[in-house]
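Chains as they are written, first to last, in full-length UniProt numbering: chain A, 1 to 330; chain B, 1 to 248.
Hints listed in this document are in silico derivations from the structure and should not be mistaken for laboratory results.
Note that the Cβ used here is the ideal one computed from N, Cα and C, for glycine as well.
Take the hints with a grain of salt, since some may be wrong.
Stated by the list, open to error - What the simulated footprint calls covered on chain B by chain A, stretch by stretch (three residues with Cβ under 8 Å from a Cβ of chain A suffice, anywhere in the stretch; the number is not a length):
id	segment
1	63-73
2	146-152
Stated by the list, open to error - Once the Cα atoms are required to be at most 20 Å apart in a straight line, the calculated SDA-like pairs of lysine to any residue come out as:
id	chain 1	residue 1	chain 2	residue 2
3	B	Lys157	B	His187
4	B	Lys2	A	Met177
5	B	Lys208	A	Glu50
6	B	Lys157	A	Val17
7	B	Lys2	A	Pro117
8	B	Lys2	A	Gly54
9	B	Lys241	A	Arg70
10	B	Lys157	A	Ala57
11	B	Lys208	A	Ser273
12	B	Lys157	A	Val46
13	B	Lys208	A	Met177
14	B	Lys208	A	Gly175
15	B	Lys2	A	Thr176
16	B	Lys230	B	Thr213
Said to hold, decoys possible - Now the in silico label distances, taken between C-beta atoms and shown as ranges:
id	chain 1	residue 1	chain 2	residue 2	range
17	A	Met266	B	Leu225	46 to 56 Å
18	B	Val130	A	Pro189	29 to 39 Å
19	A	Arg195	B	Gln232	44 to 54 Å
20	B	Gly135	A	Ala120	19 to 29 Å
21	A	Met266	B	Ser237	42 to 52 Å
22	B	Thr197	A	Asn269	22 to 32 Å
23	B	Gly168	A	Cys126	48 to 58 Å
24	A	Met266	B	Arg119	44 to 54 Å
25	B	Trp211	A	Gly158	25 to 35 Å
26	A	Ala120	B	Gly168	31 to 41 Å
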Amino acid sequence: MESVVAQAGLVLLRDSVEWEGRSLLKALIKKSALCGERVHILGCEVSEDEFREGFDASVNSRLIYHDVFRDPLNWSQSGEALPGGPLGALQAMCRRTDPGPVTIALDSLSWLLLHLPCPALCQALCALSQQHSCPGGGSPAEPVRVLCLLHEELHGPGPLGALSSLAQAEVILSGTMGQASAHILSRRPQQHPTRQTQWFSILPDLSLDLQGGPPLESQPHPEPHTPPVSKGAGARTRECGGGVRDSSHEQRKHPLDLQVDPTAHMTFNLHLSESERAAKDSLTLPFQFSSEKQQALLRPGPRQATGRIFYEPDAYDDLDQEDPDDDLDV
Amino acid sequence: GKLTLLCDAKTDGSFLVHHFLSFYLKANCKVCFVALVQSFSHYNIVGRKLGVSLTAARECGQLVFLEGLKSSVDVFFRAQAEPHPLQFLREADVGNLQPLYEFIREALKPMEDGQAAWRYPVLLVDDLSVLLSLGLGAVAGLDFMHYCRVAVCWEQKGNIVALVHDSGDAEDEENDILLNGLSHQSHLILRAEGLATGFCRDVHGQLKILWRTPSQPAAQRDRSLTYQYKIQDKSVSFFAKGMSPAVL
């Protein structure tokens, strides 16, 4: 997952109501900050305090927060709102000239898409993720990574498609049985798009814990096309210490309490004890023609009733005295 | 500072609104109730069954009640220069809810004399889908809730409880945007659904509880629970799925 997400360009994190993506966004921001990058955050949906919650002081000092949340539409008329509104703030980010690799996080792109016209937003995103060269010239262009949080259910296929086509990587969040997964689609220039599914969880200190496969109970065999995550592959991967544990190569025993045991709280007994099993096996069924029954029929004993019929003719019977039944050879 | 979203699908979720109203009033919080769907007396009657008197709360200042049904008519009979919370009803083009937001902000402002008479403020809205029927756009509704969150949840550390109807199969795009947008911003979602098999005398519906923490990583298990319920005269009884006393 790191090699895919570490590349420069636009990265879309698509989440849903059930599988929220802000914690993944914060985990990626923490990774970038620990690598020494400056991180600019355009915060529209949650307050700065709420967003900074969970980061430690060293990470927090590297985050530059542009607060659109407090007064996005300038209703309070207090002059505290960012000039130019959200679009102005976004365009101002394109023009910043600080050196060094930079990560820009948009929380969230959905908010911007609901309030700004889609073409203007796409143009701003393009301008943001292009590689800028420093105005002084001479130094090479620094890659810019733009992480965007997008809520899938809020937008139609048109804007989603437009944003997908701009993105270098898309991470679609889902999960099963309490375990989150990220379906990663990455488009590198002059290469085929690659797809990868990665199971992960976010620890309370906002570090990313990658897991090798889905919970054992949901699949009898692991995903055949989940490649082991490569570390240090490719020149563009930025290796950072700390913050990521890759346990895909070890057999991870998922806690058994993830599996629901249907026999746990039953009011009846499904198992047989040894004596019960023996009694069951030795039981003769009533309609089973076993050897004992065969012998009993062949040799009618004195206790066996030979089956005599006692017949009382009633009023409706037609007994013909001239043709009695006694001569029937039955 | 939490936003709780109540939504109902194929059933009536207003029992949750009554519950939260009486709960917060009993907890001695200052409540601003934007009631757009029913009259004051309706809530008062139900509130009395649950053990609170809305009239008394309103008189002593604990409850600020905006009766949408009555005051929406006032909009048309007032001079236009005076701002009214439901001003958007009068505007020809797509309006916004800034006057309503200002009203709420004013109502829940902490008291000037410094006396902490009530605990944290609470905003209750019943319900937001009605605003869409009145001509407001979904984005305007979301902006209104955004500003309410800034004022109530962030500045004053209060709570907000809002009810939104889920149109389900009715393919109402604006409602879906409003519902999903709010779901992403809420910390707790209570979803009352009718049973998939239809109406039942003993089980009135099913309640799904989903805890979301928009910015903190959540514990992966037990984030969502489902209960079935039956509404009685003064309370609601909950039981696990399939375990209704009528069935067992």
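Hint-by-hint comparison with the structure:
no., hint, result
1, 63-73, "violated (count 0)"
2, 146-152, "holds (count 3)"
3, Lys157/B to His187/B, "14 Å, holds"
4, Lys2/B to Met177/A, "26 Å, violated"
5, Lys208/B to Glu50/A, "26 Å, violated"
6, Lys157/B to Val17/A, "24 Å, violated"
7, Lys2/B to Pro117/A, "30 Å, violated"
8, Lys2/B to Gly54/A, "18 Å, holds"
9, Lys241/B to Arg70/A, "42 Å, violated"
10, Lys157/B to Ala57/A, "24 Å, violated"
11, Lys208/B to Ser273/A, "41 Å, violated"
12, Lys157/B to Val46/A, "14 Å, holds"
13, Lys208/B to Met177/A, "16 Å, holds"
14, Lys208/B to Gly175/A, "19 Å, holds"
15, Lys2/B to Thr176/A, "27 Å, violated"
16, Lys230/B to Thr213/B, "29 Å, violated"
17, Met266/A to Leu225/B: 46 to 56 Å, "22 Å, violated"
18, Val130/B to Pro189/A: 29 to 39 Å, "51 Å, violated"
19, Arg195/A to Gln232/B: 44 to 54 Å, "52 Å, holds"
20, Gly135/B to Ala120/A: 19 to 29 Å, "26 Å, holds"
21, Met266/A to Ser237/B: 42 to 52 Å, "25 Å, violated"
22, Thr197/B to Asn269/A: 22 to 32 Å, "31 Å, holds"
23, Gly168/B to Cys126/A: 48 to 58 Å, "38 Å, violated"
24, Met266/A to Arg119/B: 44 to 54 Å, "46 Å, holds"
25, Trp211/B to Gly158/A: 25 to 35 Å, "33 Å, holds"
26, Ala120/A to Gly168/B: 31 to 41 Å, "34 Å, holds"
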